[in-house]
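Participant: Each chain is listed here by its residues.
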Amino acid sequence: MKNYVAIEARNLGRIYKIRNNRKEKFKELSALENVNLNIKKGELFGLLGPNGAGKTTLIKILTTLLSPTTGIATVVGFDVEKSPEEVRKRINMVSGGETSGYGLLTVRENLWMFAQFYGIDGKVANDRIKKLSEIVGISDRLNTKSSDLSTGLRQKMNIIRGFLTDPQVLFLDEPTLGLDVGASRDVRTFIKGWMSDNGERTLLLTTHYMVEADELCDRVAIINQGKVLACDTPSNLKRTLQKEAIFNINLHAPSGLDMDKFKKITGVKNCALTQKPENTTLDIILEDDSVLSEIIAETSRQTLRILRLEKREPSLEDVFIKLVGQKIEEV
Amino acid sequence: MKNSISLRSFLSASWLGWKIESNWTDPFLFATYSIIKPLASASILVLMYSIVTDQNFNNPMFAYLYLGNAFYQYVPAVLSGISWTIIDDREHYRTLKYIYIAPVNIPLYLFGRGVAKFITGSFAVLITLLAGFLFLKVPFDFQQTNWPLFFLSLILGILMLALLGLLLAGITLVTARHSYYIGDVVASGLFLFTGAIFPLEVLPVWLRPVGYALPITYWLELLRRSLVGNIAKAFPTFTSMSNFDLILVLLLTSLIAGLIAIFLFNKCNHSARERGLIDISTNY
Ligand SMILES: Nc1ncnc2c1ncn2[C@@H]1O[C@H](COP(=O)(O)OP(=O)(O)OP(=O)(O)O)[C@@H](O)[C@H]1O
Ligand SMILES: [Mg+2]
Chain E
1 MKNYVAIEAR NLGRIYKIRN NRKEKFKELS ALENVNLNIK KGELFGLLGP
51 NGAGKTTLIK ILTTLLSPTT GIATVVGFDV EKSPEEVRKR INMVSGGETS
101 GYGLLTVREN LWMFAQFYGI DGKVANDRIK KLSEIVGISD RLNTKSSDLS
151 TGLRQKMNII RGFLTDPQVL FLDEPTLGLD VGASRDVRTF IKGWMSDNGE
201 RTLLLTTHYM VEADELCDRV AIINQGKVLA CDTPSNLKRT LQKEAIFNIN
251 LHAPSGLDMD KFKKITGVKN CALTQKPENT TLDIILEDDS VLSEIIAETS
301 RQTLRILRLE KREPSLEDVF IKLVGQKIEE V
Chain A
1 MKNSISLRSF LSASWLGWKI ESNWTDPFLF ATYSIIKPLA SASILVLMYS
51 IVTDQNFNNP MFAYLYLGNA FYQYVPAVLS GISWTIIDDR EHYRTLKYIY
101 IAPVNIPLYL FGRGVAKFIT GSFAVLITLL AGFLFLKVPF DFQQTNWPLF
151 FLSLILGILM LALLGLLLAG ITLVTARHSY YIGDVVASGL FLFTGAIFPL
201 EVLPVWLRPV GYALPITYWL ELLRRSLVGN IAKAFPTFTS MSNFDLILVL
251 LLTSLIAGLI AIFLFNKCNH SARERGLIDI STNY
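Taken in order, these protein sequences are the chains called E and A.
Okay, so the first sequence: first residue is 1 according to our numbering, each after it adds one.
Okay, so the second sequence: first residue is 1 according to our numbering, each after it adds one.
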């Protein structure tokens, strides 16, 4: 059975020691706590969580960049701490939202060089660079110095760098961060295609976009403050909210509102508040429709005016709200 | 497969290093700079010497310091060439983490990145030697030059410097902010202890052991002897040692220094992973 496990984490934890200046004492920050994961070969697995949840920390540990403080992690059967060389031969990683790369080299040269670091045959490397750059849409920029590329195009170059080595396990840390809608869609389509081309491949991606996790992933782990709160297929996660009634209420609340009063109403599973200058939105998960009248009564007690009220199907966002009491973007 | 990755990453790293080193918008400026810089530093030395000795250029001491200074240019070049790569890749290009997760041998990659500095360094050394030969009557007698000894010493010394560079790269890896000029600083610091421009006897007795422990000291002596053997006898310090003795001591001290360097590099490497420093950026 071991062969079917691509990534395994057991009681994985990471503590950062931080201090702001020399005089200060070290403070401990727990970025990951007791994480257990079992990702199968062939899976497209998503880590969904807000900023600071620990997603990047987990990826760094799995890609041998960072040692865990506790626990064990294996990738394709190799312990990341004991045999990092074996792991490195079989993986690759791309972080989104950054402009890494040798600016003075052309796109082709950058990619070519990284292919060399993996011992990829010259002709194979060239073919792959050509093919991947066509798919991602930068084939006309291959001979441009990468410093002359826009941030988005540089990110696309980076994405190619990840796929170029045809890794057994690929790690993508927020691959669509900073890309426009069209480019994000292209990248997602490409990821799906790459996975369906070959059932032996495994891909772990992190994101804080619900839709991305929902659309792409076979399974999703919801992670917040270093802990995995839930892990299942998107549809199973949403099914946990099948019995509940989910409402989205737009309010006029010029002097704010008291969330705790809403949360204390019996039958309210959890709710999350989004405050914008123009209006206030309340996402609220109720045991069933009958609780709604209580909610409306509470809004009039707090002299809030309801601008719009909508019942909706459960999304991964609601799963997160139920677990954490906040929307992902608002954490 | 493994060897092919090692060789290819070494070659690619050398190529990249060369691209970066020669990435001057104006090649003419690059060439001028490469010629003027070594000549300028040599002129200062010659000027000081001529004032102190009242223009006694026939004294073997002149050849001693001129050659020592010329070859010492390799030290900062190789040390900073290799250690600077860590800062460059980590802070500037943000690629260090991608190099790390690739199946490359990191020391080999770093050595590769240092090759360009070795080449420009060699150019500087050559220019300095030529100027000495043509204009300052440094007594080269090519009939007497021991070329095999020269190249053997040169190669051994460069390998030794590369290993010291690796040590500094390790230190750079764990000191996120404070090692911008570590290569140059260490090279300048060691300058006086290696007998580059004056014999070790000039140092206070309690400081001399530092010089005798450094492989660079023997390396410089060997280069001088192989080039101007006939008058090297006039240089003090190592008169009792034969060329063979010197090679042996150079080998031994390099070996010890190299082992320490590799050991410490691995330690730093480990610590960097432990502390999450491989992809840190200080935004300096
Ligand atoms: N090198 C570091 N030193 C100290 N603390 C760190 C370090 N890296 C991360 N942290 C802290 O660890 C926690 C988890 O960070 P991490 O980068 O893993 O989160 P993330 O889920 O990737 O967030 P984001 O969506 O913002 O990328 C955060 O509180 C962060 O501040
Ligand atoms: Mg992150």
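The set of hints was computed from the structure by calculation and includes no laboratory data.
Possibly wrong hints are sitting among the right ones.
In silico PhoX-like cross-links for lysine-lysine, where the CA-CA straight-line distance does not exceed 20 Å [to be verified]:
1) E:Lys-327 with E:Lys-264
2) E:Lys-82 with A:Lys-19
3) E:Lys-269 with E:Lys-238
4) A:Lys-267 with E:Lys-145
5) E:Lys-192 with E:Lys-263
6) E:Lys-227 with E:Lys-243
Participant: Each of the hints needs a verdict: does it hold here or not?
Facilitator: Going through the hints against the structure:
The suggested pairing of E:Lys-327 with E:Lys-264 holds, with an alpha-carbon distance near 19 Å, which does not exceed 20 Å. Distance restraint check for E:Lys-82 and A:Lys-19: the Cα-Cα separation of roughly 36 Å exceeds the 20 Å cut-off, and the hinted pair is therefore not satisfied. Proposed proximity of E:Lys-269 and E:Lys-238 is supported: the alpha carbons are some 15 Å apart, at most 20 Å. At most 20 Å may separate the alpha-carbon atoms for a hinted pair to count; A:Lys-267 and E:Lys-145 exceed this at roughly 37 Å.
For the proposed pair E:Lys-192 and E:Lys-263, the alpha carbon gap of about 39 Å is over 20 Å, so the pair is violated. The hinted pair formed by E:Lys-227 and E:Lys-243 fails the criterion: a straight-line CA distance of about 26 Å is larger than 20 Å.
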